[in-house]
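Enquirer: The primary structure of each chain is shown beneath.
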Amino acid sequence: MRRFSGWLQSGIAACGALLIWAAPAAAQVDIVGVWQQPGNGVVTRGGQYEDMWERCCGGGAGRGGPAAADFIGIPLNEAGRARAMAHDDSLWSAPEHQCQPHAAAYAYWGVGAPHIEAVFNDSQQMVAYHIAGTYRRLPREIWMDGRPHPPEYERHTWAGFTTGEWKGNTLVAKTTHLKKGWVRRNGAPASDQATLWTYFSRHGDVLTVTVFVDDPLYFSEPYVKSTDYRLAASIPTARFDEAGSVSAGAEASGGDQPYFRCYGTEEVIFPEEHWVSHWLPGENPSVGERAKRLHIPIEATLGYAVSAYPEYIGQIKTWREQNPAEPLKTPVDTRKTAPAQRGPSGGQ
Amino acid sequence: MDSRTRRTRAITPPAAALCVLSLLALCVTVRPLLGAQAGQPPTGVQTLHVRENIWMLVTPDGNLALQVGPEGALLVDTGRNGTSDAVLAAIRHITTRPLRYIINTSAGPSRIGNNVAFGLLAGGATDRRGSGPIPAIIAHESVLARMSAPSAQNAAAYPVAGWPSDAYAARERSIRYNGEAIDIIHQPSAYSDGDSIVYFRRSDVIVSGEIFSTKRFPLVDREHGGTVKGVLAGLNRMLDIAVPEVVVENFAEGGTLVIPGSGRLCDEDDVNEYRDMVHIVRDRVARLVSTEGSLEQVKAARPLVDYDGRYGIPAWTTSMFIDALYAELARSTTANNGASAVR
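Chains as they are written, first to last, in the numbering used here: chain A, 864 to 1211; chain B, 33 to 375.
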């Protein structure tokens, strides 16, 4: 009897272990809802607080968006650096490029407020999360039903193909089949060979989204970045007369209309048809501009992995000691130029 | 003996083991099934339904396209020589209707390799058991000229059965088949002198032939009239034809779909990315040709470093592509008496 009980206990334990292994992990929290970044989203439009450098104040043309040739903290390898340096913002004015949405690797840093819904099958089992509402919407699914990723010969899209799995209270999503995109709006590339890992962690009404971009083509190590969203306090309803509005080039209308369409148009007269704007090697005039403005070594802006780590601040300090800033040539009224008081992490 | 003991005795060691094995078997059998490619023919040629009545046949040597309808089947390119059984099996996996038309997008080896095998299919029967007329083969006349040209042994390079039976010399040839208008557009001096881009109007699907690939730099058969300039023109032509989807939630992708010569199923933006690459590397090499001079100096400057890992493959390396670019641009520079070869 004792021997049989041992067999039974072993069998039950093995069955239990297999059942646990075979069954999908269930979420202890959920991510369904409408989310917005403080200072941006469905209720309040305008700048983002956490990622203001990506939107309003990064030093780009007209101070909008990131500065050209500023790749601080992005682990570009030699190929990625060459690709990034070739980027010319004029490219976005070409009709073929005007309507490109942000690829999934960057979607959470574009304007918008992601709304996340659960998708159920006919048996009322949840099969996916549906995410929409990021810049130019870019709707996408996180498949939770265990389906495999498609073969390589299937289409690549801006959203890619994503499967998810709960690990504890974190939803881990894997995305493949991406188009060539970017991780900054100044041309820092992410190739179509990249794999994206997105971690969704909810803490009360705050959703932290952490993105790992594993790009064997352009990065020397995974690029990691996070952002926070807050559950929207209220959700406005669209006016009927806006629902079908069409604008030839969403940007031309200011992008304010909640439902816009985008057609490539002639924004700029290029020297020839099918013009492709790019900088030849060594000729990007923006290289060094950001470094000069911030008084840091040029190498810091060229996208080496080391520039992502806190220890790199020490190297910058050393460099500054060896290369002191030139004193201002004219007297300055400090009452007018003193920077506004910032919080502990608000400075550059 | 209490009930607990009775239940315990009722479950014997073999039963417990059976429980374990059953669950193990379930896990082992179900999980791989989730990852299996359901319904694929066991031939090494994968099939992908593109849209409506268009399929992409994915062979190890490149992609073919199949249109199917009440009138029969139409095949764009036939695959590399020796793969006819696999390609026919893939076709039969989709349809048993007779193969009536073949279109060759060029005379490349993976475009015409099975022309003879398919050109002899009586009645177009893909099970090789039919009778009646054989499929018509449409291609640009340069393809016919190349396939029928005498070889060193004074015999045609290819058997007559594989030659295009309907060669066109005009800018394009249009046919209507299975209720769909099909444009066969000649693209001069691209991969070769005989390239055709095939556009299925109703399905809104382009078949690029060798002009476009997501796996490698553009092939250029300079011996048979190929040029990078022509490839670039062909890519731009496809961009002119293609229109992305313009709906509320899905634009700058979708819309017109493009079956490349090799690689994944694409849309306009993928062609756009590839066109940008060809344009950019052409400009870089042209600049180096005018400033550095020699081929060795051009290669030493590594002008394709950001695309090498993406598009350089053993059969068509970055170095080989630079060779082709250099030969074309150096000649162009010489012809322009030293003026820029780019603009």
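Hint data in this document are derived by calculation from the structure and do not stem from the laboratory. Where hints are given, some of them may not hold.
Stated by the list, open to error - Here are the in silico distance ranges between beta carbons for each label pair:
(1) E1130/A <-> P191/B: 49 to 57 Å
(2) V1169/A <-> R334/B: 52 to 60 Å
(3) R208/B <-> G1151/A: 31 to 39 Å
(4) E1136/A <-> R208/B: 27 to 35 Å
No residue lacks a Cβ here, since even glycine has one placed at the ideal position from N, Cα and C.
Enquirer: It remains to establish, for every hint, whether it holds in the given structure.
Expert: Each hint, compared with the structure:
| no. | hint | verdict |
| --- | --- | --- |
| 1 | E1130/A <-> P191/B: 49 to 57 Å | holds, 54 Å |
| 2 | V1169/A <-> R334/B: 52 to 60 Å | violated, 23 Å |
| 3 | R208/B <-> G1151/A: 31 to 39 Å | violated, 60 Å |
| 4 | E1136/A <-> R208/B: 27 to 35 Å | holds, 31 Å |
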